[in-house]
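Trainee: Line order of the protein sequences matches chains A and B.
The first sequence begins at 1 in the UniProt record's numbering and counts up by one.
The second sequence begins at 1 in the UniProt record's numbering and counts up by one.
I should point out that these hints are in silico values taken from the structure, not numbers from a laboratory.
A partial selection of chain B residues facing chain A, derived with a Cβ cut-off under 8 Å:
(1) Y60
(2) Q103
(3) L126
No residue lacks a Cβ here, since even glycine has one placed at the ideal position from N, Cα and C.
Number of protein chains: 2
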Amino acid sequence: MSSAPYDLWYWPSIQGRGEFVRLFMAPAGIDYRDRARDLDAQALVEDMEEREERGGFAPYAPPYLVERDSGFTIAQAAHILTWLTDRHDLGTGEMETDLHLIQLQLTITDIVAEVHGTHHPMASSLYYDDQKEAAAQAAKAFREERIPKYFSYFERAYGVHPGPFAAGGKWSHVDTSIFQLVEGLRYAFPQRMAAIEGDYLALMDARDAVANLGGVASYLDSERRIPFNEDGIFRHYEELDGQ
Amino acid sequence: MSSAPYDLWYWPSIQGRGEFVRLFMAPAGIDYRDRARDLDAQALVEDMEEREERGGFAPYAPPYLVERDSGFTIAQAAHILTWLTDRHDLGTGEMETDLHLIQLQLTITDIVAEVHGTHHPMASSLYYDDQKEAAAQAAKAFREERIPKYFSYFERAYGVHPGPFAAGGKWSHVDTSIFQLVEGLRYAFPQRMAAIEGDYLALMDARDAVANLGGVASYLDSERRIPFNEDGIFRHYEELDGQ
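Work the whole structure out from these sequences, hints included.
Mentor: Laid out in structure tokens, this is it:
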């Protein structure tokens with residue numbers, strides 16, 4: 001039996017929002033069982049249903065993390081990251097800086113939701129093919145207006161402390177999330193990213209510094225890293241990209 | 001000079017995300033200056049620009065709250081609410097419950113973003129009239145699928161503790177936010193809400209209990225409560241409503 005202290009529950013076939021949690025646990029050296037990947041998607045659906053029937057407080061949606069000893073369960077990617085940071089004493093030791101990092105994480109949450117909106121502007125429940133025209137316009141606005149607005153903001157935020165990370169020399173959940181955001185946008189919008197990356201050198205440095213953290217390269221090279229695909233948040237549809 | 005300990009900065013002509021903060025401060029009895037309402041929208045734009053030029057950590061967008069004594073500034077509605085709860089000792093005293101409340105607040109953040117998406121599915125920067133057809137489909141999916149999914153979830157969450165509030169007998173930021181969510185959806189989708197409210201009695205009880213908290217009625221009756229309008233998050237477009 002595994003002695004991993006945590007169970008992570010997330011859809012087994014996509015990176016999705018679960019990946020922000022996985023990418024944090026890799027350099028933190030936090031061990032976990034990835035339950036729906038060990039089992040299957042049906043097991044996740046059943047776990048969600050059981051929690052509902054039990055009548056206690058339950059997550060709205062995956063990802064959620066279970067502390068196996070206590071059964072304590074926490075959901076919402078930004079909330080999980082904040083909680084793990086506190087639990088494993090991975091904060092900066094500076095209250096104000098830690099609060100700023102949470103604030104940045106919530107702004108990353110916002111842009112990630114907008115990324116999903118580029119291919120599903122009308123409804124998650126409709127097929128992409130049934131909202132392609134709206135998606136083309138949504139993606140254009142996202143590429144031309146939203147990426148520069150968010151990235152300029154993040155770039156300035158990285159300028160507050162000297163060093164490759166948002167808090168300076170010490171990495172945090174913000175950095176692993178920025179890594180995933182950059183990787184995801186490179187996958188989804190390669191033309192656009194190639195055109196603008198040079199304007200956001202602090203973000204690209206942070207991305208590279210995360211790639212070099214202990215535990216990250218081996219995670220990325222392993223089968224645990226699900227490849228990007230067209231069922232996740234970051235999807236590559238050629239017609240949605242452009243310089 | 002006002003001795004209010006906080007400055008709130010938010011757009012002066014809409015409730016928007018700032019209202020979730022205002023509605024928390026009313027029953028908490030926390031005094032604040034509502035800066036852009038005392039001054040104007042231009043003052044908010046200038047304050048944002050000054051913060052950018054100063055080079056320190058700055059908010060991505062309003063609302064943000066400034067502790068006047070220290071200058072400490074915090075943004076993201078859910079983050080502001082969590083911080084104020086901690087700062088003013090308004091939590092339940094039960095760590096696990098407080099964490100669940102934050103998780104619920106982040107799920108409220110998600111549905112509020114989806115509400116905005118019903119009238120601006122393609123881009124915030126485009127006029128409603130230029131995305132009316134996509135909006136009609138987005139609103140239909142939101143009314144028929146998303147409201148019941150979120151509301152069923154929140155209704156179950158309210159069932160965990162006996163009492164009108166999410167944590168039982170003691171109100172929290174979740175309850176004032178549920179109040180605003182119900183009020184906003186009643187304004188935006190009156191036909192739909194009339195048809196389904198009876199299925200969510202715990203939520204409606206929570207809404208009523210918040211209306212009866214000290215400080216709330218006087219706030220709602222005052223000029224400080226901006227009326228709902230078609231520039232905010234909750235907009236009433238007759239063509240987007242339906243049973």
